[in-house]
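S.K.: My request is simple: use the sequences and hints to build the entire structure.
Spelled out, the chains give:
Protein chains: 2
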Amino acid sequence: MKIKVFVVDDHYMVIEGIRSLLQNENDIEWMGHATNAVSCLAFLKQQLPDIILMDVNLPDVSGIELCKQVRQLYPSVFVLGLSTFNQQPIIRNMLENGASGYVLKNATKEELLEAAKAVMAGKSYLSFDVALSLRKTDDELPIITRREKEILLLIADGLTNAEMAAKLFISIPTVNTHRKSLLNKFNVNNTASLIKLAAKHHLI
Amino acid sequence: MKIKVFVVDDHYMVIEGIRSLLQNENDIEWMGHATNAVSCLAFLKQQLPDIILMDVNLPDVSGIELCKQVRQLYPSVFVLGLSTFNQQPIIRNMLENGASGYVLKNATKEELLEAAKAVMAGKSYLSFDVALSLRKTDDELPIITRREKEILLLIADGLTNAEMAAKLFISIPTVNTHRKSLLNKFNVNNTASLIKLAAKHHLI
DNA sequence: AATAAAATCATCTTTTTTAATGATTGATGC
DNA sequence: GCATCAATCATTAAAAAAGATGATTTTATT
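The listed protein sequences derive, respectively, from chains A and B. Each residue of the first sequence is one higher than the one before, counting from 0 in numbering that gives the first Met the number 0. Each residue of the second sequence is one higher than the one before, counting from 0 in numbering that gives the first Met the number 0.
Hints are computed from structural coordinates only; laboratory data are not their basis. Hints may contain errors.
Here are the computed lysine-lysine pairs in the DSS-like style, where the Cα-Cα straight-line distance is at most 25 Å [unchecked claim]:
1. 184/B to 199/B
2. 184/A to 148/A
3. 184/A to 148/B
4. 199/B to 199/A
5. 1/B to 199/A
6. 122/A to 179/A
7. 122/A to 67/A
8. 108/A to 108/B
9. 3/B to 116/B
10. 166/A to 179/A
11. 179/A to 199/A
12. 108/A to 3/A
13. 184/B to 148/A
14. 1/A to 122/A
15. 67/B to 148/B
16. 199/A to 108/B
17. 166/A to 184/A
18. 1/B to 108/B
Label-pair restraints from in silico Cβ distances [as the list claims (entries may be wrong)]:
19. 162/B to 121/A: 53 to 63 Å
20. 113/B to 127/A: 32 to 42 Å
21. 64/B to 142/A: 36 to 46 Å
Footprint (simulated), chain B over chain A, 3 or more residues, beta carbon under 8 Å [claimed, not checked]:
22. 9-18
23. 181-189
By construction, the Cβ of each residue, glycine as well, lies at the ideal position given by its N, Cα and C atoms.
M.R.: Right, here's the structure in full:
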């Protein structure tokens, strides 16, 4: 029984690369590809693969959203996240939305096959670097509350405390409190460092 | 006379994709690949391709640096930049360091061939989106001076004006002046917006 | 050599942020 | 029901950034 694989990625080179890597594998059946979320969903109405290799950066809908939809509509289809960068929040998000694993684009053929087989066996698979960085992140990225995140985004948009207070219907001292706890949690001394860190972790 | 092509990219999928796309082309001779700058330079000591397809994000040295070195050591070898994202400052930098063009990783086989031929004919080639965004950038990304850039980096590192002044052996008002002209040039009102914008454009 | 651009410094004012402390209310989880 | 945490607000003060203007000295560029 071959593993039916489908790829969603907006880069032809990557699609072609995966196809080329897997084409002579006896265990793999290539079902085709899509370059965006819409055509991926259209394809799934016709046929169901066993595994979708899914890039997280798609031109229309984000891979995270697509992953969520696919898993809801077709629970039998496993999703393997795929991307160039080792971005913890995104990877975390993919996994929370039903992805069975995550491989980076520098994966070898062997790693791809290993991942596919692990997923088909009901296990999950993470590239070594991904697993490593996910573990590290737990310690490094502070846990911030809903409200703090909201404030963070507004700070990044350049609002002053007064503007945020008006926008959120709360008092200026309250905004200030959240702001201070952000600085505390991220262990920085001023807005500049805060925004830089947040940008680095793709929070804004 | 076939065009001899060599690829430098740290993603196997991309290398394999390009190889697969070009392998049946009569005009193209595949010379091999490297996954980092060091092995690329090692290869060039043995043989010289006509064109190097070069990713800008390499694990050891940046593509920009590698491009510069290759062009200095082997002026007959053309470099075509290659990357996932349409990052204006990086692209600009590659071109300034001798690259003959730039293609995105969602390029089709046709586009790759067109780019290769253009480069061999002494022309330069830019993906449509790249050309578009480079033109747009001229208006959108302000030109900042050396000193301003220096200040920008220090602000992002969380230094206060006083700390920067001490570090750069200049007065606090001077730091302030640079800081204000940064806000002016980026057309923002405060540090938060400035850092966010700078991060977006990969300046910090 | 002349012009323009960059880097430097000064003064003064206003706005904003950061800091330090304390306190109340409501929700969540055990 | 009790403990914990999130979210709210208050007061006061110091530090920092932002805004407005003007001026001098290097450094590039033509």
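S.K.: Hints the structure violates: just list their numbers, smallest first.
M.R.: 3, 5, 6, 13 and 16
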